[in-house]
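Produce the complete structure using the sequences and hints provided.
Protein sequence lines, in the order shown, are assigned to chains X and P. Going by the working numbering, 32 is the number at position 32 of the first sequence; the sequence numbering is gapless. Going by the working numbering, 67 is the number at position 67 of the second sequence; the sequence numbering is gapless.
Hint data in this document are derived by calculation from the structure and do not stem from the laboratory. Quick reminder that beta carbons are idealized off the backbone N, C-alpha and C, glycines included. Any given hint could be a false lead.
The calculated label-pair distances, taken between Cβ atoms and stated as ranges, are [unchecked claim]:
#, chain 1, residue 1, chain 2, residue 2, range
1, X, N111, P, S17, 42 to 50 Å
2, X, I58, P, L73, 18 to 26 Å
3, P, I155, X, S47, 31 to 39 Å
4, P, W159, X, S79, 24 to 32 Å
5, P, D65, X, L112, 26 to 34 Å
6, X, L100, P, E56, 19 to 27 Å
7, X, W44, P, T154, 27 to 35 Å
8, P, G204, X, S79, 29 to 37 Å
9, X, N86, P, I42, 17 to 25 Å
10, P, H125, X, I37, 28 to 36 Å
11, X, L59, P, A64, 12 to 20 Å
The residues making up each chain are set out below.
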Amino acid sequence: MSTEITEIEAQGMAPGAHVRTHGTRGSYLIGLGYAVILTLASFWASSTDVIYPPGVPILLGVLAIAQMGIHLVFFLHISSAPDQTNNILALAFGIFVVGLLVFGSMIIIANLNHNMMPMDQLMRMQR
Amino acid sequence: MSATEQALASGDAVPLSLRGPAPTRVVAGYGFWLFLLSDIIIFAALFAAYAVLSGETAGGPTAADLFDKKHVLIETACLLASSVTCGFGSLAVQSGDRNSTYVWMTITFILGITFLSVEVSEFSHMLSIGAGPTRSAFLSAFFTLVGTHGLHVTIGLCWLIVMILQVATLGFQPMVSRRFFCFGLFWHALDIVWIGVFTIVYLGAHL
Numbered sequence: 001m002s003t004e005i006t007e008i009e010a011q012g013m014a015p016g017a018h019v020r021t022h023g024t025r026g027s028y029l030i031g032l033g034y035a036v037i038l039t040l041a042s043f044w045a046s047s048t049d050v051i052y053p054p055g056v057p058i059l060l061g062v063l064a065i066a067q068m069g070i071h072l073v074f075f076l077h078i079s080s081a082p083d084q085t086n087n088i089l090a091l092a093f094g095i096f097v098v099g100l101l102v103f104g105s106m107i108i109i110a111n112l113n114h115n116m117m118p119m120d121q122l123m124r125m126q127r
Numbered sequence: 001m002s003a004t005e006q007a008l009a010s011g012d013a014v015p016l017s018l019r020g021p022a023p024t025r026v027v028a029g030y031g032f033w034l035f036l037l038s039d040i041i042i043f044a045a046l047f048a049a050y051a052v053l054s055g056e057t058a059g060g061p062t063a064a065d066l067f068d069k070k071h072v073l074i075e076t077a078c079l080l081a082s083s084v085t086c087g088f089g090s091l092a093v094q095s096g097d098r099n100s101t102y103v104w105m106t107i108t109f110i111l112g113i114t115f116l117s118v119e120v121s122e123f124s125h126m127l128s129i130g131a132g133p134t135r136s137a138f139l140s141a142f143f144t145l146v147g148t149h150g151l152h153v154t155i156g157l158c159w160l161i162v163m164i165l166q167v168a169t170l171g172f173q174p175m176v177s178r179r180f181f182c183f184g185l186f187w188h189a190l191d192i193v194w195i196g197v198f199t200i201v202y203l204g205a206h207l
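Here it is in structure tokens:
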């Protein structure tokens, strides 16, 4: 059965290239283990008094980014393999655009908020 | 494995220009990966809107009043488990095992439906207590962000049904297994977006 699939799969392959199998059950389970630990850690961090409260959002951010990394490696199988070079470059550009969008918007809006005239004063001017 | 094959597999010895065309699976995966990244950029815009508007409750209910962490934990568990069963399903597709493909994909579908039903019941509860998207800017941003994610999950479930039917009718042709591969990427990417949703929206991480 498996040789038959290899033959069928090989039709779309460059000559000499092998069928790349993505991950094993074990690697998915390892990824699941890490993801469960990180998820439970973020739920715990959000509802505990042990951590200094202003530090909680930073901890949550770190845990979320770590879990995204785990998902990318163990589930989406992003790696440094030669056939993944383009994927990694695209991912880097995607992260760059996401960062620009999110942090850029937040900085601009915070700045506008800061420079905006208080509402009562604005109302008085319009009268 | 001959020396040439080994060199091709490791990709070290043969220069990039001599390696020949990339396999269709790699090219298709790259194209779909670009789509996923552009989809994630859409979500980034919605996340930015939520981050900016999350405090603007206009005297209405706040995030702390509305969200129940127990529901969110159930939703997260469903998506995480479905990500793994989807991975097992794509391994079954690769080994050409029809029965375990059906089993794993059905479990993935059930977990996805469970996620959606918890989300829909949460939304309908919020609507029933007057915390709909028209109540405040915070709730508009919330329903847009989480609703878009839910819509993606719904589309993913429709896609999953189509894929199961294609395995039943077409068998494991190369194009079917490539589509399964793309479906897997889509499903895992939704899980990554959900990490952002539960961290920023439900657990209330903010700058």
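Quiz item: Hint by hint, which ones does this structure get wrong, listed from lowest number up?
Solution: As far as the earlier hints go, not one is violated by this structure.
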